[in-house]
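A.B. asks: Here are the chains, one letter per residue:
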Amino acid sequence: MIKQIVDSRKDKGYNFAFIDEQAKREIRRKTLKAVAIPGYQVPFGSRELPIARGWGTGGLQITLSLLGPDDVLKVIDQGCDGSVNAVNLRNLVVETTKIATTLDTEEATIIQTRHRIPEEKMTGGQILVLQVPYPEALRIVEPSEAKTRVMHAEMDYSKLWVYLYEDIVRWGGITIGARYPAMVNKRYIMDPSPIPRWDVPKLHMADTLYLFGAGREKRIYAIPPHTEVIPLEFEDHKFRVEDFSGLSCGRCGSTSSFLDEIFDDSSGQKTYLCSDTNYCDRRLTGLAQRKGNARNDR
Amino acid sequence: MIDNSTEIALSLQGISKIYGPSCPACIQKTGPEMGTNICPECGSIVACADISLDLHAGEILGIVGESGSGKSTLVKCLYFDLEPTYGEAYLSYYGNGRLNIFSETSQKKRYIRNHIMGIVYQNPHMGLRMNFSCGGNVAEKLLTADCYHLGKIRHRASELLTKTEVPVARMDDLPRNFSGGMQQRVQIAKAMANNPPILLLDEVTTGLDVSVQAKVLDLIKSLQWELGISMLVVSHDLGVVRLLTNRTAVMKNGRIVEIGLTDQILEDPQHVYTQLLINSLL
Amino acid sequence: MNDILAVENLSKIFMMHILNGKVIRGCEDISFTLPEGESIGILGPSGTGKSSILKCIYRTYIPTEGRIVYHSLQFGTVDLASAPENIILALRNTEIGYVSQFLKIMPRVSALDVVAEGLIKRGTEKQEARYRAREHLTRLQISPDLWDAYPSTFSGGEQQRINIARAAIVKPRLMLLDEPTASLDGRTREAVIDLLLELKREGTSIIGIFHDLDTMFQLVDKTYDMSVFDSYKAEV
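Residue numbers (the numbering used here), protein chains in the order written: chain H, 604 to 901; chain C, 109 to 390; chain E, -4 to 231.
The shape of chain H in the complex, shown without the other chains:
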């Protein structure tokens, strides 16, 4: 490992994984604190990176502070490994570490993501790092940071609950799509980052460690494995995920994944595709294999 770190310095003049070791230690210490207090936002000294704040620097700093030479990294953006943001972040990491990357969810040891949690169930050996634009779930009801911190300290969440109440009264249902607030470990209400409601239940009692980094807002928080994460709901008005009943992926035919709506301007047709591209691809290869097997059997 040392050799690799020294090598990378020699090549580029950068430390392994770009950030210097002291800064990594601070980020890891704050990450450990976040793991110890599930859902609690730990302030940290967000470093300058060669990408702009608001483009995933929080998640990236966590990832960089955790990476070792043997890690296998996957970076996704809105479920897709190939979008600009994902590609750029991945390139930066590879440039400064020379570690292996993958598109395969199962193969990765660390996955950095924005707006989605992979469809495939992740394991205890993996870490999912989420990029967070707005870490404060209470911001929609309270503009002052000083006040929201007191509200968290005192578990004073009635204002957010009233917001949900008003939503239902005014619109007949809760209008929050992404960033659906959830209660972590019966203590802190947390912003799960802009993942769809579809992904929120995956946080509950998971095998995987979830880390959340907000670079611009300088906050780290975490959901350790096997932690209770309950989306806010009323006894007679339950939390619901997005409804795709009757729809399926136009590519792999999946009826049990989060679908993106694709609108074709020329034909005016609406089609649906899996938002998790790797999942979709694997299903296609799996289907092809099974078809192949079936042919051989005959």
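For the record, the hints were derived by calculation from the structure and aren't laboratory data.
Bear in mind the structure is a predicted one, so any value in this text is a computation, not a measurement.
Be aware that a few hints might be false.
When the alpha-carbon atoms are kept at most 25 Å apart in a straight line, the in silico DMTMM-like pairs for lysine to aspartate or glutamate are as follows [what the hints assert, rightly or not]:
id : chain 1 : residue 1 : chain 2 : residue 2
1  : H       : K750      : C       : D189
2  : E       : K99       : C       : E375
3  : H       : K789      : C       : D254
4  : H       : K762      : C       : D189
5  : E       : K99       : C       : D254
6  : H       : K636      : H       : D623
7  : H       : K762      : C       : D280
8  : E       : K121      : C       : E334
9  : C       : K271      : E       : D108
10 : C       : K329      : E       : D108
11 : C       : K217      : H       : D770
12 : H       : K762      : H       : E745
13 : E       : K99       : C       : D317
14 : C       : K271      : E       : E123
15 : E       : K116      : C       : D326
16 : C       : K329      : E       : D143
17 : E       : K116      : C       : E267
18 : C       : K216      : H       : E757
19 : H       : K762      : C       : D254
20 : H       : K750      : C       : E212
21 : C       : K216      : H       : E748
22 : C       : K323      : E       : D108
23 : H       : K762      : C       : D281
24 : E       : K99       : C       : E191
25 : C       : K323      : E       : E112
26 : C       : K216      : H       : D770
27 : C       : K260      : H       : D770
28 : E       : K17       : C       : E375
29 : C       : K271      : E       : E120
30 : C       : K329      : E       : E90
31 : H       : K750      : C       : E191
32 : E       : K166      : C       : E334
33 : H       : K762      : C       : E191
34 : C       : K271      : C       : D326
35 : C       : K271      : E       : E90
36 : C       : K217      : H       : D623
37 : H       : K750      : C       : D254
38 : E       : K116      : C       : E273
39 : H       : K841      : C       : E174
Given chain H, put chains C and E in place with the hints provided.
C.D. replies: Quick look at chains C and E alone, frame taken from chain H:
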């Protein structure tokens, strides 16, 4: 501490609120005898000093005095809006009356604010969130009491609004679109949401039209009548106090100068300031 | 028979701070006893402080000197001149009634509810309390048209009868009457006297000030004459 056999709901002991550096002379050199609230030595403002009184269970106690006499400061200290400089307060409904509520943690203070005491401010903007509906305002209190059932919340809200004579049809409207008297009734409904045994009323009818004033006073009286809530009624208006209370404390320059049965205060005032006040009645 | 009340050397002096400390005499050195179940009438020209005595007993006035020893069911022997306010309030609620010359009550409450209020306060069912209130109003010849109206709009005589009904309905142990029949005509006065006599038969002790001797001698067992007392003192 409150002795439980005495049926005292709330006991205030030596409450003082001083703004400024405060010096040993502050208390001595201010007050009604000195005719000032401002300490001549250090310039501190003694908003209220050495206030001790007991509110009995089911009683309505009035506090009268001119503006600046410290009556609102006292109520705001009680509801933790302000932190008193000195003094203790005990609630028979909290910790068996043995715990000074001012030295409790802010989490416990919040519990007391939401479950044991309700407050109605002179200005509805202080007590209501104008961008939430009426029902939402009441719901906020219920949600602090861990009631997460929408149907139950709405049922209780309409019950309270009916009791305070706000048309239930307007439950989902914003209180900012209401008249002053109606906002005051929504505030009362909100204050009572969790059935607090103690209600603090700070100049609740000040600034309302006379006929609206009368309706709000009738409402307060009937609530006390039906539910037996103990109330502290702060007003500069002797008429309000005469109508609502059995006992009255008179404040001047941050001190209680006289406390007694309301009819006695009105007909046989003892202190020079009380006599002046009574004789100023229209 | 035991005394329910003993007034001992009661004096009331008003100190008018705002009139440069001017002193106004209410009543001076009053002593009398009232055996339980009996009634006493206070006699004397106006201005001698008859009302002051009643107000001191009810603690609307704070006595300057003397004791007012009352034997209560709830608290045993109580000096009304110095008892804590909550004891006085409790006694007003349960044992001591006061009928003043003027009606002082909540505005915007119907006559029926004004009369029924005391009973409801003591835990009587609303229906039952209203029923009894109707009985009293009928008895004191208040026209049923008025039962749902606000007493503040009534004539002096009607207000006075509402006042009496309101105090009498709860059957207090001690009743303080300050000219209860002053503005009544003969017929309604008879009705009031009849009601008070019935209270007395049921055990209520009464201290009263009456503007006409006729009424007084129908009701009282003995008198306390302040003019005599004053002249007596003058002689000494």
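A.B. asks: Against each hint, give a clear statement of whether it holds in the structure.
C.D. replies: Outcome of the hint check:
{"no.": "1", "hint": "H:K750 <-> C:D189", "result": "holds (15 Å)"}
{"no.": "2", "hint": "E:K99 <-> C:E375", "result": "holds (13 Å)"}
{"no.": "3", "hint": "H:K789 <-> C:D254", "result": "holds (13 Å)"}
{"no.": "4", "hint": "H:K762 <-> C:D189", "result": "holds (18 Å)"}
{"no.": "5", "hint": "E:K99 <-> C:D254", "result": "violated (45 Å)"}
{"no.": "6", "hint": "H:K636 <-> H:D623", "result": "holds (20 Å)"}
{"no.": "7", "hint": "H:K762 <-> C:D280", "result": "holds (17 Å)"}
{"no.": "8", "hint": "E:K121 <-> C:E334", "result": "holds (11 Å)"}
{"no.": "9", "hint": "C:K271 <-> E:D108", "result": "holds (19 Å)"}
{"no.": "10", "hint": "C:K329 <-> E:D108", "result": "holds (14 Å)"}
{"no.": "11", "hint": "C:K217 <-> H:D770", "result": "violated (29 Å)"}
{"no.": "12", "hint": "H:K762 <-> H:E745", "result": "holds (8 Å)"}
{"no.": "13", "hint": "E:K99 <-> C:D317", "result": "holds (23 Å)"}
{"no.": "14", "hint": "C:K271 <-> E:E123", "result": "holds (23 Å)"}
{"no.": "15", "hint": "E:K116 <-> C:D326", "result": "holds (17 Å)"}
{"no.": "16", "hint": "C:K329 <-> E:D143", "result": "holds (19 Å)"}
{"no.": "17", "hint": "E:K116 <-> C:E267", "result": "holds (24 Å)"}
{"no.": "18", "hint": "C:K216 <-> H:E757", "result": "holds (9 Å)"}
{"no.": "19", "hint": "H:K762 <-> C:D254", "result": "holds (13 Å)"}
{"no.": "20", "hint": "H:K750 <-> C:E212", "result": "holds (20 Å)"}
{"no.": "21", "hint": "C:K216 <-> H:E748", "result": "holds (22 Å)"}
{"no.": "22", "hint": "C:K323 <-> E:D108", "result": "holds (17 Å)"}
{"no.": "23", "hint": "H:K762 <-> C:D281", "result": "holds (18 Å)"}
{"no.": "24", "hint": "E:K99 <-> C:E191", "result": "violated (40 Å)"}
{"no.": "25", "hint": "C:K323 <-> E:E112", "result": "holds (19 Å)"}
{"no.": "26", "hint": "C:K216 <-> H:D770", "result": "violated (29 Å)"}
{"no.": "27", "hint": "C:K260 <-> H:D770", "result": "holds (17 Å)"}
{"no.": "28", "hint": "E:K17 <-> C:E375", "result": "holds (17 Å)"}
{"no.": "29", "hint": "C:K271 <-> E:E120", "result": "holds (20 Å)"}
{"no.": "30", "hint": "C:K329 <-> E:E90", "result": "holds (23 Å)"}
{"no.": "31", "hint": "H:K750 <-> C:E191", "result": "holds (18 Å)"}
{"no.": "32", "hint": "E:K166 <-> C:E334", "result": "holds (23 Å)"}
{"no.": "33", "hint": "H:K762 <-> C:E191", "result": "holds (23 Å)"}
{"no.": "34", "hint": "C:K271 <-> C:D326", "result": "holds (12 Å)"}
{"no.": "35", "hint": "C:K271 <-> E:E90", "result": "violated (32 Å)"}
{"no.": "36", "hint": "C:K217 <-> H:D623", "result": "violated (46 Å)"}
{"no.": "37", "hint": "H:K750 <-> C:D254", "result": "holds (21 Å)"}
{"no.": "38", "hint": "E:K116 <-> C:E273", "result": "holds (23 Å)"}
{"no.": "39", "hint": "H:K841 <-> C:E174", "result": "violated (52 Å)"}
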